[in-house]
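Q: One-letter residues, chain by chain:
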Amino acid sequence: MAKLRKLKEAVIEKLIFLSGIASIVFVALIFIFLLREGISVLKSTSLGAFLGGKYWYPISDPAKLGILPLILGSLLVTLGAIALAVPLGISAAFYIAEVAPARLRNILKSCVEVLSAIPSVVLGFLGITILVPFLKHSLNLPTGLTAFAGSIMLAFMAMPTIISISEDAINAVPREYKEGAIALGATHWQSLHRVIIHGALPGIIAASMLGIGRVFGETMAVMMVTGNAAVIPTSLFQPVRTLTATIAAEMGEAAKGSPHYFALFAVGIVLFVISFLINLTADLFLNRVRKR
Amino acid sequence: MKRLCLPAFSLLCLSFFAPFLDSPAAAAQKSVSFQIKGSDTMVNLGQAWAEAFNAIHANVNVAVTGGGSGTGIAALINGTCDIAESSRAVEEKETKQAEAEGIRFNQEIVALDGIVVVVHPSNPVKNLTLDQLREVFMGNIKNWRMLDGPDIPIVLLSREVNSGTHIFFKEHVLRRGKKKGTEEFSPGALMMPSSYAIAEEVANNENTIGYYGMGYISPRQKIIAVAKDANSPFIEPNIQAVRSNAYPISRPLYLYTNGTPQGVIKEFIDFVYSKEGQEIVKKTDFVPIK
Numbered sequence: 198m199a200k201l202r203k204l205k206e207a208v209i210e211k212l213i214f215l216s217g218i219a220s221i222v223f224v225a226l227i228f229i230f231l232l233r234e235g236i237s238v239l240k241s242t243s244l245g246a247f248l249g250g251k252y253w254y255p256i257s258d259p260a261k262l263g264i265l266p267l268i269l270g271s272l273l274v275t276l277g278a279i280a281l282a283v284p285l286g287i288s289a290a291f292y293i294a295e296v297a298p299a300r301l302r303n304i305l306k307s308c309v310e311v312l313s314a315i316p317s318v319v320l321g322f323l324g325i326t327i328l329v330p331f332l333k334h335s336l337n338l339p340t341g342l343t344a345f346a347g348s349i350m351l352a353f354m355a356m357p358t359i360i361s362i363s364e365d366a367i368n369a370v371p372r373e374y375k376e377g378a379i380a381l382g383a384t385h386w387q388s389l390h391r392v393i394i395h396g397a398l399p400g401i402i403a404a405s406m407l408g409i410g411r412v413f414g415e416t417m418a419v420m421m422v423t424g425n426a427a428v429i430p431t432s433l434f435q436p437v438r439t440l441t442a443t444i445a446a447e448m449g450e451a452a453k454g455s456p457h458y459f460a461l462f463a464v465g466i467v468l469f470v471i472s473f474l475i476n477l478t479a480d481l482f483l484n485r486v487r488k489r
Numbered sequence: 044m045k046r047l048c049l050p051a052f053s054l055l056c057l058s059f060f061a062p063f064l065d066s067p068a069a070a071a072q073k074s075v076s077f078q079i080k081g082s083d084t085m086v087n088l089g090q091a092w093a094e095a096f097n098a099i100h101a102n103v104n105v106a107v108t109g110g111g112s113g114t115g116i117a118a119l120i121n122g123t124c125d126i127a128e129s130s131r132a133v134e135e136k137e138t139k140q141a142e143a144e145g146i147r148f149n150q151e152i153v154a155l156d157g158i159v160v161v162v163h164p165s166n167p168v169k170n171l172t173l174d175q176l177r178e179v180f181m182g183n184i185k186n187w188r189m190l191d192g193p194d195i196p197i198v199l200l201s202r203e204v205n206s207g208t209h210i211f212f213k214e215h216v217l218r219r220g221k222k223k224g225t226e227e228f229s230p231g232a233l234m235m236p237s238s239y240a241i242a243e244e245v246a247n248n249e250n251t252i253g254y255y256g257m258g259y260i261s262p263r264q265k266i267i268a269v270a271k272d273a274n275s276p277f278i279e280p281n282i283q284a285v286r287s288n289a290y291p292i293s294r295p296l297y298l299y300t301n302g303t304p305q306g307v308i309k310e311f312i313d314f315v316y317s318k319e320g321q322e323i324v325k326k327t328d329f330v331p332i333k
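Respectively, the protein sequence lines represent chains A and B. Each residue of the first sequence is one higher than the last, beginning at 198 in our numbering. Each residue of the second sequence is one higher than the last, beginning at 44 in our numbering.
Among the clues, some could well be false.
Dumping the calculated DSSO-like pairs for lysine-lysine here, alpha-carbon to alpha-carbon at most 30 Å [stated by the list, open to error]:
hint, chain 1, residue 1, chain 2, residue 2
1, B, K136, A, K261
2, B, K271, A, K251
3, A, K453, B, K136
4, B, K139, B, K222
These aren't lab readings, by the way, just hints derived from the structure by calculation.
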């Protein structure tokens, strides 16, 4: 009887262990698969020409497979989105957590949740019918399909993540800090920007990084509003083509086993590596903040 | 996601057992279905054929999806569709892949299409030669002023590379019919995910020039008359001009099947060629072959 129970426990333990490492296994498998398919791109182009090439003509013969414009396009759209979403999101989180009266707080919180529930294709649709013509006319651009339009769409998508996680971080700051600050004669504003922000900083950075991660991998809305021209961008107000949009737009057509097909997997590797670096930086930074 | 899993799983179970539930008697009455996939240009046409065909053959379900000619041909090779709609002929590369998978393409020319070059209705430019179009889409002519238009930059709109329309325009206009040419769209050309997106942007933006299949013609965009060369007349795309081959940017539309069509697929193809089928071609703004 006791033996049976021991066996049962051992089995359950192993099962839980398996579930625990499942995500690691999946990540490893995905990376191995991407690597296996993507590495073949080196048969038709060199690593330097792939990462540094300025022209993306994947179906020409011979194909030109330079993804520099795509990498820069993705980075530019993401940077624009961060510049919009991070300050707005953090301010909103502070307002919701510290300033807003209880009733308004609840309404705002549910609105943020609704915002995160909007499918990206719907946002993209609104973008193409409202935002793009508006940008064109108000900024007097040749076309509204620009990196900036993509950044605005992505900022919308990153905001809910940034707001809700920052807000949790602010609420997690011990009450005593704020009470102490006010007891020492600080105003509400002083206690906010001198005391609470320091306590909540690691959480706020984590929130921003998660927001950035979401933005960088987003595809649909970006594909609909950025114009998808594979040129090296020189400003936020011109069309760009992102890594994600390139995979989404071209994967259906790419003939299996062609240089184009392998190149798209290699683009996937580049995306994977950049996302990994974003998360790694976030982690390193967070650890440093915690130790201090 | 988690909440989706259970219904999806039970559906999977059901679909697994469904074949065993059918009694032999029911099999005679069983409805058949097949898949049509491919060219975005032809998706409305395919849909209209499918609906009319279903009205005659109530037990046949036809599912029509787009995605681009290349997508449809790839699906036919992979065995995930029964008929591929394509706005270009299959390439040698694709035929080889198909052979490797044991698929033999059977080609049917079922309609004709003119590719229409469009600009914003306020644009005074109304005639362009093929050479001018090539220079514009390669990015060598960058301002409407150089075409006797207003002094504003030209914004180029193109379809994505998975579109048969993109490939046809590139080979026919940019490369003057030479498949192996080296001319490319300007890297600054905007790649739009659909013909609808091109139509929308052209209707809203006076800087743009774009192209789409004849099925998308609407008064919200202005059609450009095209001449083969400087000595030829400027021709507007319409049914007569495409059928008589006078309009320089026109093309056949294809259906591809695996081998000689049989059974319900054959019935469908016969229907497409019938008077009623070709009437539908006309109604969806393409050009009937007869």
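Q: Please flag the earlier hints that this structure goes against, numbers listed from lowest up.
A: Those not satisfied come down to hint 2.
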